[in-house]
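2 protein chains.
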Amino acid sequence: MFNSISSKKVYEQVIEQIQESILIGELKKGDKLPSERELSDRMRVSRTSIREALRVLETMGVVESRQGEGNFICTNIEKSLIEPLSMIFKLNDGTWQNVLELREMLELQTVKIAAIKSTEEDCRELKAIVDEMKKETQQSSNKKEIVRLDQKFHKKLVSMSKNYLIESLFVTSSKLFEGFIKDAREKIIATSWTKEVLVDKHDAIYEAISCKNPDEAYNKMKEHMDIIRKSYEEMNNTENC
Amino acid sequence: MFNSISSKKVYEQVIEQIQESILIGELKKGDKLPSERELSDRMRVSRTSIREALRVLETMGVVESRQGEGNFICTNIEKSLIEPLSMIFKLNDGTWQNVLELREMLELQTVKIAAIKSTEEDCRELKAIVDEMKKETQQSSNKKEIVRLDQKFHKKLVSMSKNYLIESLFVTSSKLFEGFIKDAREKIIATSWTKEVLVDKHDAIYEAISCKNPDEAYNKMKEHMDIIRKSYEEMNNTENC
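Residue numbers (the UniProt record's numbering), protein chains in the order written: chain A, 1 to 241; chain B, 1 to 241.
Looking at chain A on its own, in the form it has when it is part of the complex (with noise of 0.2 angstroms):
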């Protein structure tokens, strides 16, 4: 005849308490997690709500089970980013349009954080990639190979961020980004105007930030993603004639 008033089923309170030992800092990232049996003892629940919990954290990302070492908390846990706002995306018909101006503010936030926040090493590893990037398109032009190395100047550029929040993103934007238009990126490299452009583009943003100068790493930047804006409206006017 009555019902209980908490709707709040057993398993979630038991996420719920994991949860709040991440954020209060009791749980790290790697840390492993008591066996299934001592949490079931510490919450006074049943192992089956024990294992419904992990079960929903592993989906999330949150926890990973390794066979016979038992429940840890992943260090890859930025992956938990990439499937709300995957489908956030696509829940509320989201464009190219708005992936670009998604990492359009990544990338522009980060160059001036970089430009303040470097240090020498950091600077040094990134004329390294860039003076591959231009030994790359002057010798053998292989695409694939300038592709990764555009992709590896960007990650470290956003390593050199220091912000985990805008990394994570940084990392779950390109997903979204690569899913939406699968070989954009090749494409734009592919037209040889752009490419030499591309390069003088990444050296001018390595000097910027190694002079330790944000606003001016910002402008190079701004002028990379305009290329890059430019690229993409042109290659969607084609596809559509």
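You may find that some hints are simply not true.
Same chains, same label: a pair holds when it works inside one copy or across any pair of copies.
What the hints assert, rightly or not - Pairs of lysine-lysine residues, derived as DSSO-like cross-links and limited to a Cα-Cα distance of at most 27 angstroms, are as follows: (1) Lys9 <-> Lys175; (2) Lys212 <-> Lys162; (3) Lys155 <-> Lys222; (4) Lys28 <-> Lys175; (5) Lys175 <-> Lys29; (6) Lys32 <-> Lys134; (7) Lys212 <-> Lys222; (8) Lys134 <-> Lys201; (9) Lys212 <-> Lys143; (10) Lys134 <-> Lys28; (11) Lys9 <-> Lys32; (12) Lys127 <-> Lys28; (13) Lys162 <-> Lys230; (14) Lys201 <-> Lys135; (15) Lys134 <-> Lys152.
Hints are computed from structural coordinates only; laboratory data are not their basis. Computed from a predicted structure; not experimentally measured.
Got chain A; can you put chain B on it based on the hints?
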């Protein structure tokens, strides 16, 4: 003696199929899912596996179950980003500077896009909020009311970007922000000199957007963000003393 090579569990495959339907656009926001029985028949898996999958999707904030009505695709799916982002933040020893960097990034990109995409109706609504703010600060100085108007202004602004990715990340970063420094917004607004400066800045941001000037909107938002950053820095210095 021999183990199955595929390690993917049945409920995980069910989740993948539902996510795939969202990603290819078959399932949209608010859509009702087929009944558990129908899903189980169509996918040829047990109802237990269907229930497990739905449970995970529910916890992730993708599906909502309405008693007596069935299962639906969530309309407020952006909630599904909050927990992963909060956990990424904590697991990487995030600082309030990291959250502020994310926030600045979202606000700055938002005003640039808003200045391009905003309609006359958008601008009227934004102006109404600024006018209310002015009135409130001149008359009553009700802190809670100013906080509410401030939030309303920034929320309206982000909706003018007409980019759900950015909107969702904004909602997510706001939650992260609030959890981090709970009553900072009120403290900042409480300092009377900042209060008037803030209203003037909001007005200037509105003006630049209504004139369709993205660079000016960016600069005004940058000034606004610099004030906020300074207030946080002062607050944190005080707290550390």
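Checklist entry - Quick one: Lys127 to Lys28, C-alpha cut-off 27 angstroms, is that within a copy, between copies, both, or neither? => result neither (34 angstroms within a copy, 46 angstroms between copies)
Item to check | Intra- versus inter-subunit Cα pairing at 27 angstroms for Lys162 with Lys230 | outcome: For Lys162 and Lys230, the Cα distance is within 27 angstroms only across copies (20 angstroms; inside one copy 30 angstroms).
Checklist entry - What label fits Lys212 with Lys222 when the C-alpha limit is 27 angstroms: within, between, both, or neither? => result both (17 angstroms within a copy, 19 angstroms between copies)
Checklist entry - Given a CA cutoff of 27 angstroms, do Lys201 and Lys135 count as a within-copy pair, a between-copy pair, both, or neither? => result within (15 angstroms within a copy, 48 angstroms between copies)
Item to check | Lys212 and Lys143: within-copy, between-copy, both or neither at 27 angstroms Cα | outcome: neither (31 angstroms within a copy, 40 angstroms between copies)
Checklist entry - When no copy is named, should Lys32 and Lys134 be tagged within, between, both, or neither for a Cα gap of at most 27 angstroms? => result neither (45 angstroms within a copy, 54 angstroms between copies)
Checklist entry - Between Lys155 and Lys222, at a C-alpha cutoff of 27 angstroms, which is it: within one copy, between copies, both, or neither? => result Both, since 17 angstroms and 26 angstroms are each at most 27 angstroms.
Item to check | Alpha-carbon proximity between Lys9 and Lys32, which holds within one copy, between copies, both or neither at 27 angstroms | outcome: Intra 25 angstroms, inter 22 angstroms, cutoff 27 angstroms: intra and inter.
Item to check | Up to 27 angstroms CA-CA - Lys175 versus Lys9, copy category | outcome: between (33 angstroms within a copy, 24 angstroms between copies)
Next on the checklist: When Cα atoms must be at most 27 angstroms apart, do Lys134 and Lys201 count as within-copy, between-copy, both, or neither?
Outcome noted: within (11 angstroms within a copy, 45 angstroms between copies)
Next on the checklist: If the cut is 27 angstroms between Cα atoms, do Lys212 and Lys162 qualify within a copy, between copies, both or neither?
Outcome noted: within (15 angstroms within a copy, 34 angstroms between copies)
Checklist entry - Is it within a copy, between copies, both, or neither that the alpha carbon of Lys134 lies no farther than 27 angstroms from that of Lys152? => result Within one copy only: 14 angstroms inside a chain, 49 angstroms across chains, cut-off 27 angstroms.
In this structure, the earlier hints numbered 6, 9, 10, 12 are contradicted, and the remaining ones agree with it.
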